[in-house]
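> Listed below, chain by chain, are the residues.
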Amino acid sequence: MTSQVSPAEQAEPADQQGERGLAGERGAPDGGKEVRRLDRVIIRFAGDSGDGMQLTGDRFTSETASFGNDLSTLPNFPAEIRAPAGTLPGVSSFQLHFADHDILTPGDAPDVLVAMNPAALKANLGDVPRGAEIIVNTDEFTKRPMAKVGYERSPLEDGSLDAYQVHPVPLTTLTIEALKEFGLSRKEAERSKNMFALGLLSWMYHRPTENTETFLRQKFAKKPQIAEANVAAFRAGWNFGETTEDFAVSYEVAPAATAFPAGTYRNISGNLALSYGLIAASQQADLPLFLGSYPITPASDILHELSKHKNFGVRTFQAEDEIAGIGAALGAAFGGALAVTTTSGPGVALKSETIGLAVSLELPLLVIDIQRGGPSTGLPTKTEQADLLQAMYGRNGEAPVPIVAPRTPADCFDATLDAARIALTYRTPVFVLSDGYLANGSEPWRVPEVDGLPDLRVQFATGPNHTAEDGTEVFWPYKRDPQTLARPWAVPGTPGLEHRIGGIEKQDGSGNISYDPANHDHMVRIRQAKVDGIEVEELAVDDPTGDARTLVLGWGSTYGPITAAVRRVRRAGDRIAQAHLRHLNPFPANLGAVLARYDKVVVPEMNLGQLATLIRAKYLVDARSFTQVRGLPFKAEQLATALKEAIDD
Amino acid sequence: MTETISQPPTALAEALSLVPKAEGKQSMKDFKSDQEVRWCPGCGDYAILAAVQGFMPELGLAKENIVFVSGIGCSSRFPYYMNTYGMHSIHGRAPAIATGLAAARRDLSVWVVTGDGDALSIGGNHLIHALRRNVNLKILLFNNRIYGLTKGQYSPTSEVGKITKSTPMGSLDAPFNPISLALGAEAGFVARTVDSDRKHLTQVLREAAAHPGTALVEIYQNCNIFNDGAFDALKDKDQAEEAVIRLEHGKPIRFGADGAKGVVRNQATGDLEVVAVTAENEGSVLVHDAHAASPTTAFALSRLAHPDTLHHTPIGVLRDVQRAVYDTDMATQIDAAVESKGKGDLGALLAGNDTWTVVG
Chain A
1 MTSQVSPAEQ AEPADQQGER GLAGERGAPD GGKEVRRLDR VIIRFAGDSG DGMQLTGDRF
61 TSETASFGND LSTLPNFPAE IRAPAGTLPG VSSFQLHFAD HDILTPGDAP DVLVAMNPAA
121 LKANLGDVPR GAEIIVNTDE FTKRPMAKVG YERSPLEDGS LDAYQVHPVP LTTLTIEALK
181 EFGLSRKEAE RSKNMFALGL LSWMYHRPTE NTETFLRQKF AKKPQIAEAN VAAFRAGWNF
241 GETTEDFAVS YEVAPAATAF PAGTYRNISG NLALSYGLIA ASQQADLPLF LGSYPITPAS
301 DILHELSKHK NFGVRTFQAE DEIAGIGAAL GAAFGGALAV TTTSGPGVAL KSETIGLAVS
361 LELPLLVIDI QRGGPSTGLP TKTEQADLLQ AMYGRNGEAP VPIVAPRTPA DCFDATLDAA
421 RIALTYRTPV FVLSDGYLAN GSEPWRVPEV DGLPDLRVQF ATGPNHTAED GTEVFWPYKR
481 DPQTLARPWA VPGTPGLEHR IGGIEKQDGS GNISYDPANH DHMVRIRQAK VDGIEVEELA
541 VDDPTGDART LVLGWGSTYG PITAAVRRVR RAGDRIAQAH LRHLNPFPAN LGAVLARYDK
601 VVVPEMNLGQ LATLIRAKYL VDARSFTQVR GLPFKAEQLA TALKEAIDD
Chain B
1 MTETISQPPT ALAEALSLVP KAEGKQSMKD FKSDQEVRWC PGCGDYAILA AVQGFMPELG
61 LAKENIVFVS GIGCSSRFPY YMNTYGMHSI HGRAPAIATG LAAARRDLSV WVVTGDGDAL
121 SIGGNHLIHA LRRNVNLKIL LFNNRIYGLT KGQYSPTSEV GKITKSTPMG SLDAPFNPIS
181 LALGAEAGFV ARTVDSDRKH LTQVLREAAA HPGTALVEIY QNCNIFNDGA FDALKDKDQA
241 EEAVIRLEHG KPIRFGADGA KGVVRNQATG DLEVVAVTAE NEGSVLVHDA HAASPTTAFA
301 LSRLAHPDTL HHTPIGVLRD VQRAVYDTDM ATQIDAAVES KGKGDLGALL AGNDTWTVVG
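Note that the protein sequences, when read in sequence, are chains A and B. For what it's worth, UniProt numbering labels the leading residue of the first sequence as 1, then goes sequentially. For what it's worth, UniProt numbering labels the leading residue of the second sequence as 1, then goes sequentially.
Any given hint could be a false lead.
What the hints assert, rightly or not - Some chain A residues well away from chain B (every beta-carbon gap over 10 Å; in silico):
hint	residue
1	Ser66
2	Arg266
3	Ala332
4	Gly471
5	Glu473
6	Pro488
7	Pro492
8	Thr494
9	Gly533
10	Arg630
To be verified - Going by beta-carbon spacing under 8 Å, a handful of chain A positions derived as facing chain B:
hint	residue
11	Lys122
12	Tyr276
13	Ala280
14	Asp321
15	Gly327
16	Ala329
17	Gly331
18	Leu350
19	Glu353
20	Val450
21	Tyr515
22	Pro517
In case anyone wonders, no lab produced these hints; they're calculated from the structure. Every residue, glycine too, gets a C-beta built ideally from N, C-alpha and C.
Bound-form chain B, shown alone (with noise of 0.2 Å):
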């Protein structure tokens, strides 16, 4: 893939600006730990920790100031095999105990790895807050339609009629679309990407990384052991011309064989509509704009998606908009309390304005 960078190019120093830089270069490898890798073999885990630790030297942190924070779920061990600060929390709590941290120490840059049970279900809440408040976070959210670490029973976004351990007569659950359900969280960053598109996933961690607030990241990953081939329809290569639409911020929605395929706006219902494209309706084709100020059309991009096949999955960065950071508004507020009040006298705070006093 080779769009250009979206962000303007002083984004990522303004989201990073307070963490501290590495002092030598990095590499791949100082971001590997110790610690033997247990993901059943084949799983698409791999290549997003490979990606993710290939990235990360690029950012040049100081990797003393990256944490990693994930829940419980398959894709939540990813902590444990990141050479930084991390913790592997409990179910469907990591953006909230990100958020703390965050909160608490704008020196750190913080990751929350999750899956699709865990940020979708149990822990639905606090995902869209975290989103909503927009605190500066990255969340990855690994999803592989299917509960792996329970061994295999329907996820929040699992399509209907799954027949799964816990379904064996099929799933009665419509699934959520996380994108979708990001952006109407407020998220000001969503993005989708796929575990074996190396470059692609790295890119979008890069502009992840340059968004000051909550970033979300879906990650289609494949379950080789429960859900095998979920997303074979973006990745075998026949099949993906068709199905993927690659978003790419100021150019037009176009996808399929030698971009036969277009996003068009229907001029009745306002939605979003694909269309062969003819030398008539080639102007208006949609372009992408990641930057737009209201969720709309992005929220419209989301839904081409068919839940089943997968068809019409736009993968890129859907939104990109800036807005108050959580986490800077908190420390602007203390500095002005300081600033008006003076900093805290605990004698004075402890003595309070109505006193008398007792001789002895």
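Pulled out of the complex, with its shape left as it was, chain A reads as follows (with noise of 0.2 Å):
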């Protein structure tokens, strides 16, 4: 999926029914195997989480990223380490959506399954199509981890998969044969599995090589032996595809041209995104950018990355606490980086109190909320949208803060971009609300051009700004811009604008501290003039017809799905119109006048209906809610099926 692109303007092909789309076949010119042109696939490889399905799967995207198809992942894993081997919880997987045309989500159900044991068939096997292929390693299906997942007889054998395409192969003892020449031990050998499956399936459809084989003596560089063996398990994959007569065919998906406008680009991470965007944002403020974090799924991808760019002037400072870790990053906006702090929904709750005091403070700080599976610890490494009412209201007191939601992974360079602006310009806190989905989903993104980033250059304050009663200039670090209502960011080290600043209430204007009942009344209502009042684009509304009566309104990282969704109604023929929002606070101005156009609101979320809740209590709508809290993204189909539903109702 391609952020750069409104709805209207996508492709709308055949394919998007649910069926896998066949473009086109070509047979065997000189007796070698049949390839045939598909204009789609998605794959899942599932294995234990120790098999090292993570990695495959993030090769697979590489290879496929740089083929220049469109494509969207969809990892899927436990949040133990090494869950007990071969049990159900412990299985990891990892989806991929390819397409020669612009797609939108990691795909509702896999063409091809790969399963590297038994807990991994078990678990996967009820997303699995009739019809689709699966591939399973035969090494595995012996009596003891077939027992682990009550598996009483081998499925293999007793026809439960007849429905299916599977090819059963020895997986482990290809590897081990294949690698006999490298005097590793069985357990060393059979590791490389995941490689050998990863070529098998690069020769099923077709994938550049090379990337992978570069990746694998560069992530072994210390142990050559180590990675040439995986770089030889690879090869015999591939080779094995080319040799056995099991695999009859192999797959063709080509570039999706026409997907994307001219540029260049690479695959992308929203967690990746995200951290460029901060990095971004700092050069284009001028402002060294200062990270305060605590380590937390699925959040500290941002805290790694970040601290690997220390020549780009980054600090980033690995906190005792979550309080700590906004609160360091609070110390530095009042010294005058660009702060950030990073958490997910647990470390929000303990953050709370600090996001109030940079609510007291008005100071620039960005807190990045990587949503996951609630309350408590809950699924730490699911996704889910549940974060919203917190964000939006879980401080004690009248304490607003924006919140800029982006939509995809690659979005989330720009979402974070226009946080710092807003955080920058008014001189407040920001929410980023991103969710696991987006940031360990990954697509492509056109790389953007340095000079087209917004200028987010700010002024300190560098002398006195008001003239006391008795004719001396002063400066009062409450004197607010009349245009932003943002109050004057004058950092330590400027001569003659030494200040005291706090949590407890201050006289608007000259910020001493102020009990006066008038003075806080006023104090509470422009804190909360100045969120409303921030300048957010208009919200548009892609409704091609022009007379759909429904509208569906997302945010987030439902993005994908409820596109993907609105593309399958349309096509079957209905009307419906599509909005989704990137600022939850404040909504944009044309969001009630666009509320009021339409008969029926439908709000998808993964929650329980936070922002139906919201646009009820403030527009008087009556939205409908539809929801899921599965921890992991809506299906394009049930999500058409909810909305065909709602426009007959």
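Both chains come to you apart, so use the hints to assemble them.
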């Protein structure tokens, strides 16, 4: 999916009904194997947590990206680092959807399942449609591993897989055989079986292989023998596909040449795009970046990534806890840094008091929340959108905080720049609400020109801004810009502007402590007015026929599934309008007018209806919630059905 | 008190070398803000404020490069009264906020003002981590052994059995010894002083300021409303001579009338104990070494004080050793990264190594 393209501009290929798109077929001209051309494929690699499925998926993604397909990924892994081997809770999977046209989601159901063991088969079979291909590692289908997941008889032999095209492959044995020259122990050799599987799939889908070989040699640069063994396993998998009769057909998925505007592209995950957005914001603001953070899934990648880029002047501080993470960031903001804290929902709960202080101090601060399943520890590695109301209201007192939500992995870059703009312009903490799906999912991204990035430079206060009653020129730390209502940012080191700020209520203007009732009322309202007055882009509505009576309104990572569902609904002949919110606080100025234009408003969310609650309260709209909290993104088909029902209702 | 300055003369310059100097001569008045001081009349905080305001001109730093950060509590109102930059933050979090500020801005002299509840109860985690991390911060911990701002509950330094509003039958909590705690948290500079002894307080501030890295100064401070006289044993002329052990680097640890008492090491246990000094044992009286690499003896000294009577309370600098300073090393890593990779190139970063081109 490409975040730069609006839904209206996107192609509407005929394959989106869920069946596998067969674009063409060509025979084997020289007696070689048959090659079929497809317009899209969904592959799911599934295995034990220790089988290296995420790495396998990442490599296949990278090959696919460099080939020029559009793609979307869904990594899905347990919170435990090494759950008990061979069990259902220990299954880790990686789904990749790639196509010769633009796509929006990682796909509802895999066309190909690679199952490295019985647990992987059992955990994933329910998602696999009949007729799909299943590649199984037969070496693992022995009595004990099968018993662990409750298979009394082998599903490979009892006919229960008759509806599928099963390819039984002794992956472990073949890998060990391929590596026997390397003098590795059986256990060491076995570990390369994921690369054998990757080689086989790379053959099946005509993926370029050079980058993977280069990658393996770099990854194991300190262990050249292991590097070469992995390369050998990878090649053996490829050759196995080419020679064995069981794999009679291979597939081509042409590059998605027409789906993308011209430009230079790369593959990028949400957390990487967000990290780059922070560095870009720092460069564009000409302010040093300071990250105060405490490790938490699924946000830690941002801490890791920023820590690699000290040559951009980035300071990363791994604090003793979530509170110190944001505290240090706020201290750095007082000192004139572009300050950031990164966390997930439980961390936001701990940071709430400091966010309130930042509201009171009116200093710029980015609070990045990579949402995960809750409440409490919840589902650390799964996705959810249930922190919206926490971001909106989760503080003592009236403490409004702007909220920005990216819609796709690549959009995390732009959304972060926009959040930085708001924080710096309005001197306020700002929430960025990403989630586990965006964080770990990836897609092609048109690399932006640095010259085209927004100018975020700010003006620090340099001198007095107020004439006192006695005629002296003084500095008032809370004298506001009449346009933005922002207060001056006077950083330590500026002579003559020495001032004290704090969490106690302040006199507007002078900033001195004030317990005056009228002043408090004024300050509460003016902080709210400042946030309400933040300039955000108008809400765009996609309504190709112009006469839809139903609007689907989403926010955040549901953009892909909702847009895919909208395409299906329209293809089936129904009319529906779509709008997607980036700004949750303040809402775009035209949101009320947009909502009023439609008879029905459907709000799909991965929570129990938090946005729906907000818009019902603010606009008195009878919005209908469609919700799911399964720790996974919506499926397009399921959403399309819900939208159709709403239209017909 | 007439001890020599135990810091090497270059230390002050080193600790504050990046902080711009004041242009003209400063006076105490320069550091008084225009805000009315609102502590209770008779509060020990007044004396500390006066001592700090009086000491600041001696540092000769540009006052716009000085920041006071505090948490919540009576003592935490302190920044409002200093004509420097200041932040009155939230309960317990001042060390964390000051850490970010000091790490981001090495041209600032950053001071934290906190109390026994703020630093040792709600903010205990931040305090110990600031100490082990050794960011360039000076932490002034006003210890009055009571919660004042919330009107008189026992604090984490209150003695066992203390009758307060929240402990009508006596407190059950064993108190912290802040000096022992700081030493256990790897603090490089740990000192104790008393609000009413301006000369001693100033000398300790002087040594703290000269210390590169985090310095913890515990200041015994009288709360005349909720815990009046808590430190009388150390202040009363008749009692103080027996109760207070004044530590001076390089000098034998002796106190009492005419130095009649001294601290010696028990050869059997290795622990420290107070003895009457005689001609025979005079040679074995411990000589205070604030710069000892090991914190063991400093810890043993901190344990001499009786938690209830305060008898044998050491004051002065217990430990002053140089350790790697966090913000200095953080800047060094940034310099090293620029040196090895070149200054960050945003365009190159965004493009990465694995791109493809779509021709329109």
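> It remains to establish, for every hint, whether it holds in the given structure.
Evaluated hints:
1. Ser66: violated, 6 Å
2. Arg266: Contrary to the label, Arg266(A) does not stay out of reach of chain B, its closest Cβ about 5 Å off (not over 10 Å).
3. Ala332: Given that some Cβ of chain B is not farther than 10 Å from that of Ala332(A), nearest at about 4 Å, it is violated.
4. Gly471: holds, 16 Å
5. Glu473: holds, 15 Å
6. Pro488: Holds, since 13 Å exceeds 10 Å.
7. Pro492: violated, 4 Å
8. Thr494: About 6 Å separates Thr494(A) from the closest Cβ of chain B, which leaves it inside 10 Å; violated.
9. Gly533: Gly533(A) clear of chain B: closest Cβ-Cβ about 26 Å, beyond 10 Å.
10. Arg630: Arg630(A) is indeed farther than 10 Å from all Cβ atoms of chain B, at 33 Å.
11. Lys122: Check failed: Cβ of Lys122(A) comes no nearer than 35 Å to chain B, outside 8 Å.
12. Tyr276: holds, 6 Å
13. Ala280: holds, 6 Å
14. Asp321: holds, 6 Å
15. Gly327: holds, 3 Å
16. Ala329: OK, holds: Ala329(A) within 8 Å of chain B, min 6 Å.
17. Gly331: holds, 3 Å
18. Leu350: Interface hint status for Leu350(A): violated (11 Å vs cutoff 8 Å).
19. Glu353: holds, 5 Å
20. Val450: At 5 Å from the nearest chain B Cβ, Val450(A) passes the 8 Å test, so the hint holds.
21. Tyr515: Since the shortest Cβ distance to chain B is 11 Å, the answer is violated.
22. Pro517: At about 19 Å, which exceeds the 8 Å cut-off, the nearest Cβ of chain B leaves the hint on Pro517(A) violated.
This entry does not satisfy hints 1, 2, 3, 7, 8, 11, 18, 21 and 22, going by the numbered hints stated previously.
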